[in-house]
Amino acid sequence: MLLILQIGSNLYRYVKTLGMAFLQHMNMKFPVIINKFHYTYKQDIIKTL
522 MLLILQIGSN LYRYVKTLGM AFLQHMNMKF PVIINKFHYT YKQDIIKTL
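Using the numbering used here, read the sequence shown as starting at 522 and increasing by one per residue.
Since the hints were made in silico from the structure, they are not lab data.
Since the model is a prediction, treat every value here as computed from it, not as a measurement.
Among these hints, one or two may not hold up.
[To be verified] Below, simulated BS3-like cross-link-like pairs (lysine-lysine); rule was C-alpha separation at most 30 Å, straight line:
{"no.": "1", "residue 1": "K537", "residue 2": "K563"}
{"no.": "2", "residue 1": "K537", "residue 2": "K568"}
{"no.": "3", "residue 1": "K557", "residue 2": "K568"}
{"no.": "4", "residue 1": "K557", "residue 2": "K537"}
[Said to hold, decoys possible] Ranges of calculated distance between the beta carbons of each label pair, as one might list FRET restraints:
{"no.": "5", "residue 1": "L544", "residue 2": "M522", "range": "26 to 34 Å"}
{"no.": "6", "residue 1": "Y535", "residue 2": "Y562", "range": "13 to 21 Å"}
{"no.": "7", "residue 1": "I567", "residue 2": "R534", "range": "32 to 40 Å"}
{"no.": "8", "residue 1": "Y533", "residue 2": "K568", "range": "27 to 35 Å"}
{"no.": "9", "residue 1": "I528", "residue 2": "K557", "range": "31 to 39 Å"}
{"no.": "10", "residue 1": "Q564", "residue 2": "T538", "range": "15 to 23 Å"}
{"no.": "11", "residue 1": "M522", "residue 2": "T561", "range": "31 to 39 Å"}
Even for Gly, the Cβ is constructed at its ideal location relative to N, Cα and C.
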């Protein structure tokens with residue numbers, strides 16, 4: 522059970538890092554859209570927590 526949680530958190534961290542890198546990459550191409558999306562995304566996370 523603990524192993525599953527550990528793998529899950531590692532996977533989550535990996536996906537998060539990948540997502541951030543992807544967002545930064547896209548940010549160079551479409552700064553306005555991404556910033557708007559990123560802001561609403563952050564607000565959703567804060568609401569969820």
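Exercise. Which hint numbers does the structure go against, in order from smallest to largest?
Worked result: Failing hints, ascending: 7 and 8.
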